[in-house]
Amino acid sequence: MLTVMRTKALRDIQMAGTKAVRGREPFVIETRNGPFGIFIPVDEASLPLLQEEVERMVARASLRRTWTLARKLGLDKMSDRDIAAEVRAVRSSRRHKRVA
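Residue numbers (the numbering used here): 133 to 232.
Keep in mind that the hints were calculated from the coordinates and are not lab data. Incorrect hints may appear among the rest.
Stated by the list, open to error - Estimated spans, in silico, between C-beta atoms of each pair:
1) Asn165 / Ala193: 47 to 53 Å
2) Ala141 / Ile215: 25 to 31 Å
3) Thr163 / Met210: 51 to 57 Å
4) Leu207 / Leu142: 24 to 30 Å
5) Glu184 / Leu207: 26 to 32 Å
6) Ala221 / Pro167: 21 to 27 Å
7) Ser225 / Val174: 23 to 29 Å
8) Thr200 / Arg156: 33 to 39 Å
9) Met189 / Ile215: 24 to 30 Å
10) Asp144 / Leu182: 19 to 25 Å
11) Lys140 / Met189: 27 to 33 Å
12) Glu185 / Arg138: 43 to 49 Å
We put the CB at the ideal spot given by N, CA and C, even for glycine.
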């Protein structure tokens, strides 16, 4: 079950400085347009692991966006033969650009 994270306005964080980010609980940073980011307190020991997890989450989100776009464009229906032909065409195009 998801727990609801507390939120803080970006403006309040800017005005209060480091006082606004004290504590050990993560929170959502919001702007007038909605969620902007998530603040997650770290220490030296947890930083490498957290960086790795964030990179994984960003990669998964990017992959999901790519899959969604591919479905919208109908690219998820391409055959292996069509994909191989597309890859060959792009590689050939890149080779010709380098030579020119």
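Here's how the hints hold up against the structure:
no., hint, verdict
1, Asn165 / Ala193: 47 to 53 Å, "violated (19 Å)"
2, Ala141 / Ile215: 25 to 31 Å, "violated (46 Å)"
3, Thr163 / Met210: 51 to 57 Å, "violated (39 Å)"
4, Leu207 / Leu142: 24 to 30 Å, "violated (37 Å)"
5, Glu184 / Leu207: 26 to 32 Å, "holds (30 Å)"
6, Ala221 / Pro167: 21 to 27 Å, "violated (40 Å)"
7, Ser225 / Val174: 23 to 29 Å, "violated (44 Å)"
8, Thr200 / Arg156: 33 to 39 Å, "holds (35 Å)"
9, Met189 / Ile215: 24 to 30 Å, "holds (27 Å)"
10, Asp144 / Leu182: 19 to 25 Å, "holds (24 Å)"
11, Lys140 / Met189: 27 to 33 Å, "violated (21 Å)"
12, Glu185 / Arg138: 43 to 49 Å, "violated (21 Å)"
Comparing the model with each earlier hint shows violations of hints 1, 2, 3, 4, 6, 7, 11 and 12; every other hint is respected.
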